[in-house]
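Q: Below, each chain spelled out in residue letters.
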Amino acid sequence: MFLFVVRRLFFAVVLLLAVSVFTYLLFALLPTDPAALTCGIHCKPETVLANRIRLGYDKPVLEQYWQFLRGIFVGRDYGLGQTAFSCPAPSLGYSFNQHACVTSLIGETFPVTAFLAIGAFILWMIIGIGVGAIAALNKGKWQDRFATGFAAVGVSLPTFYIGLLVLFSVVIWFQILPFPSYESPLDNFSAFITAMILPWLVLAVLSAASYTRLTRNGMLEAMNEDFVRLGVAKGLRLRVILLRYVMRQALIPIVTIAGLDFAGLLGGAIITESVFSLPGMGRMSIRAVVDSDLPVLVGTTMVAAVFIVAANVIVDIAYGFLDPRVRVSS
Amino acid sequence: MTENSVPVLSVQNLRVSFDTQDGTVHAVDGVSFDAYAGETICIVGESGSGKSVMASSIMRLNNSSTATTEGRILVKGLDVLSASEEEVRGIRGSEVAMIFQDPMSALNPYFTVGKQIAEAYVVHHPGASKHEIHDVVLAMMIKVGIPSPEKRIDEYPHQFSGGMRQRIVIAIALINNPKILIADEPTTALDVTVQAQILDLMMSLQKEFGMTIILITHDLGVVAEVAQDVIVMYAGHIVEQSHVDALFHAPTHPYSWGLLGSVASYGDNKRGGLLTISGSPPSLISLPVGCSFHPRCAHSKGEGSVCMTDSPSLRSVGSDGSRSACHLADDVLVSVGRRGFRS
Ligand SMILES: Nc1ncnc2c1ncn2[C@@H]1O[C@H](COP(=O)(O)OP(=O)(O)OP(=O)(O)O)[C@@H](O)[C@H]1O
Ligand SMILES: [Mg+2]
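Chains as they are written, first to last, in the working numbering: chain A, 1 to 330; chain C, 331 to 673.
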């Protein structure tokens, strides 16, 4: 098990390096000149040149990449003398558009994304697994039909459309809630909740749909297992059988997918954040695309990649704990 | 068989049907029999004849949302079919235990075997201490022949071979010293040498625990070896119930003849020579009118005869206590069977 974890972590690091090379090169090969983007349209060529040198864009791509990678571990200084500035480690670069280190930009936006992700995740797991379990326990009855319908509709509804619809109906037509304006929960908790409740719900309900289906089908499949019959034949209570036998098995694929979904969300819920104007990482990324703010894009891509890769490792390890058959054979 | 004592299990006019898209499947259609303490009853019959469904009903294991069950099943005076869920739970695993066909899938893959045996004990011994549970489980593992049980108690099912898993299943079944053990083809999924070991184990444990075994099997060799009584099922009916010797020497139903492999010809058998069961079992959704075996029966009388109009009921025939559901059991078959079989 220990060896398995070490090996898994090693491959995770290699994978992240590969992602960083790929991301960096991809953006470096774009036909935009990052230095030219550092000052507006009415820019003197000298300024562009100075910025190019200061930001290191005059160097060969591989050296730029090396500087980037080094920056992550030891921080990075830009320029010399009066105009010099530095981004301490872990530095993911400097955004000239926003005149800030990418790491601190991410530091500001990430909590918003994390709050959104955690709240939505908890809600959707409860809704998804709960509705799925109710459906499985009432197979063929109206609860089941309702849940199956919910799952079918839910997975096919676009977040963008439903988000806007909810926003318009709740905030503009019925005016149940004020227009969401994000505040940190430490500063103003009720404003935080008011701003978050709709995005949480929209994200949770739409994501829950696939979990409902997964739970329902997983439980129904488990209920047909011979070992569940043996559990009943032992005289075990229904509750015990459902938890220790049925759910235990149905949860395994759910944990896998939930881990990856959650990690994906931590990389930025682009659409939800944009629709509900939450100042999170997803919205920052999409702005960076519009503004060609390459350092920010590289930074957020790397952060998202770290989450995905980490989630993969965690899910793999969790799998070993959840299923003894995997544990021993690996 | 101890005729005058009270049966430990009494199945009375059991009917189980399933609602399916194609119609109602009458999987068990009016089955009655009694089982007495310490005896071994084998149930034989073609695939789909309702053996497993019937056996599952004894512990009310059939899915209640699709299955309709009628009749009475008395275990220790309790009518399993009309009892409350809690009452049935009380006899599951303690009075009646069950061994399933496939040991590979019968154990919960997520828990150690020790925990699974313990679970079966604890549910009927709620006050048991950890220490006691451990001892009981270990003793049971030794009894069913698991080598180095102290080590294996903490292993998971996938670390066991098929034969060893079936021993664990048997340990689970016997941990509460049940009166009745239902074994649904307990050795079919195992290889031949292991089959014999498992069967021997069951039989020696039966002596030790004094339980009644209801064994479903396709293996007539096993039947000959272990059974006292044999129930032959066809299309949801019991077509014959006989003492094992009577069945092998003088089967009272044409289907039993066929099942026993071959039957010597007699007078009006046009094909002559050996006869096996031709054709396939009837659809359980719409059984043939009259005797459900008549389309495949070489002895059924022609159009308009009793075989085609009346469903035969199970009745005593002959002198050795056999029961048969054949209209012709008395006049022709018994005498011919007696003369013909194994001669
Ligand atoms: N849940 C169910 N729904 C519908 N039909 C069922 C169900 N369970 C069993 N049946 C039907 O009932 C009939 C009897 O099945 P059963 O499993 O008792 O046969 P069996 O005698 O045990 O056969 P085998 O020797 O193959 O184990 C079969 O035709 C089967 O298709
Ligand atoms: Mg069967």
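The hints are simulated quantities; they were obtained by calculation from the structure and are not laboratory data.
Virtual Cβ for every residue (Gly too), placed ideally from N, Cα, C.
Careful: at least some of the hints might be erroneous.
Stated by the list, open to error - Chain C residues, not near chain A, derived (Cβ > 10 Å throughout):
1) Pro337
2) Thr398
3) Arg402
4) Leu437
5) Ile476
6) Glu480
Unchecked claim - Pair by pair, the computed Cβ-Cβ distance ranges are:
7) A:Pro253 - C:Lys481: 25 to 33 Å
8) C:Glu400 - A:Gly264: 47 to 55 Å
9) A:Phe321 - C:Glu416: 30 to 38 Å
10) C:Leu408 - A:Leu177: 43 to 51 Å
Q: Confirm or reject each hint.
A: These are the hints, each one checked on the structure:
no.	hint	in the structure
1	Pro337	21 Å, holds
2	Thr398	15 Å, holds
3	Arg402	20 Å, holds
4	Leu437	6 Å, violated
5	Ile476	18 Å, holds
6	Glu480	19 Å, holds
7	A:Pro253 - C:Lys481: 25 to 33 Å	32 Å, holds
8	C:Glu400 - A:Gly264: 47 to 55 Å	54 Å, holds
9	A:Phe321 - C:Glu416: 30 to 38 Å	34 Å, holds
10	C:Leu408 - A:Leu177: 43 to 51 Å	59 Å, violated
Hint compliance for this structure: hints 4 and 10 are not met, and every other hint is.
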